[in-house]
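Chains A and B supply the protein sequences, listed in that same order.
Our numbering applies: residue 7 is where the first sequence begins, and numbers increase by one.
Our numbering applies: residue -15 is where the second sequence begins, and numbers increase by one.
The reader is advised that the hints may include incorrect statements.
Stated by the list, open to error - Covered, in the sense of this in silico footprint (three residues per stretch, anywhere, with C-beta under 8 Å from a C-beta of chain B), are these stretches of chain A:
| no. | region |
| --- | --- |
| 1 | 229 to 235 |
| 2 | 336 to 344 |
| 3 | 359 to 366 |
As the list claims (entries may be wrong) - 35 Å max Cα-Cα, derived DSBU-like pairs, lysine-lysine:
| no. | chain 1 | residue 1 | chain 2 | residue 2 |
| --- | --- | --- | --- | --- |
| 4 | A | Lys211 | B | Lys90 |
| 5 | A | Lys150 | A | Lys95 |
| 6 | B | Lys68 | B | Lys29 |
| 7 | B | Lys90 | A | Lys204 |
| 8 | A | Lys265 | A | Lys211 |
| 9 | A | Lys115 | A | Lys169 |
| 10 | B | Lys67 | A | Lys265 |
| 11 | A | Lys204 | B | Lys67 |
Since the hints were derived computationally from the structure, they do not count as laboratory data.
In this text, a Cβ means the ideal position worked out from N, Cα and C, and glycines have one as well.
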Amino acid sequence: MPEKDQFQTDARNAGNRLVAGHVSEDPFAAAFKATRMPMIVTDPNQSDNPIIFCNNAFLRLSGYSDDEVIGRNCRFLQGPETDQETISKVREAIAAGQDVAVDILNYRKDGSQFWNAVFISPVRDEAGAIIYFFASQLDFTNVKSREADLAAARHEAEAEVAKHTANLRSALEARTLLVHEVDHRVKNNLLTMASIVKMQARVTKDDGRRQTLMSVLNRIEALSTVQRKLFTLDDVSKFDISEFARELVTDLVDATGRKDIRLTLDLSPLLVPAVKATPLSLIVNELVGDAVRRGLSDGGGDIHVVVRRLNGHFLIRIEDTSEPVEPDIENAELGQMLLEASARQLGAEIERKQDGRKTIVDVVLLVDDHQENTH
Amino acid sequence: MKVMIVEDEMLLAMELESEVEMAGHEVTGLAMSRSQAQEQIGSSKPDFAFVDIHLMDGPTGVDVGRELAAAGIPYVFVSGNIKKIPQDFAGALGAIEKPYTMNGMKNALAYVSAVIAGDASGSPPVSLVLAEDVTPAKPQS
């Protein structure tokens, strides 16, 4: 087509004029030609803004020869998968005479694709009119494919994590279910044990035997109260000895129905490892039971229970003011054994002070943070 | 008062029956399932009921509770897992957590029978978790 030939001739002439404007040793022109970065210059004053000059790097990148490039609009680099919005963005910037930088999917002469980071900038004359557009290209296909590889690896890792999470979650659910089931059975068994002892106590005609059975029942029920208070905190490995003491003491004193036994409590939350719950609770049960039994004599009395930290240690104090009463020897002996065994297990110190009608028993549990955190 | 016991562990039910009778009340019957409970609600018209959540036919204690509430019969849940009780407490006065102690049950029973007899002056025992302490009060309609 002669018309097309004419365009190409015009474009080449324009390119030649551009080069002729520079002396052959002009370092800028030499750099333009020799640089590894693909570059082109277009002439917006010719029809369809054709390429009038390109360097060797551009020919290497695109796979076209110089003849195939000069005189053509850059759009021959586009292909079916080139993003239309990106094309519009470039077109609008050129129409507005503005700089534009885009990442665009381009095609080589052989049809292969490459990711092109294009920067286009208008070149103006002294009067400010646009005489050329300058465009640099950068093939970043490698970066793109690395990104794709990374994304694929990430998806794979995420899928793996999701799979493991699902496994862990179902294992956790199974464990939770099991703990609930075991907890439920333990609770039922404790109540069944207590019921059997109560039944025997009901059946027996002998007061002494009944007393013995009630003394056993009392200790079983202390364990029942422990079991009820386990797993109630957010941290299931911990047990609040204060909460236990509050329930045990008020239950015991309320059930006496005696208005002349006056109970006062000074309780701060005191979390102990769940493994310490049983011996500690048995200690509290013995001491409180002892105080209540003394208060049960005709005069009634005051019972004061303190649970709090003391110099980093745990203090449980049971204070009562009441007439001394003749203890049930067997019960007292069992109580003493339980106290000693529990104290030994916990490494706790029990100190008893007697001052007239007033009895003060201090239980000091020596704990450091390490012990506090072990299970 | 006339008390119904809904509990599938017969040993526990019988022991509770003794406890209730010792406190001077009459036990109208022991029910181990929802259908047994339904039958007794209709026939024996109890004044009050203890209701376990897990019965022979599954966790149907809550349904029994709703039927009691519909019949205007006050009741408390007796359960090893009071967290399983629905948010609205299904119309129950409260709940006693298993394994309850003899004293705990005694105190709860004394409080409940006083309330049902119209005496709300006492303070609730620690062994009884009151529904009104757990669920927000519903507006009176």
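**Item:** List of violated hint numbers, smallest to largest
**Value:** 2, 3 and 9
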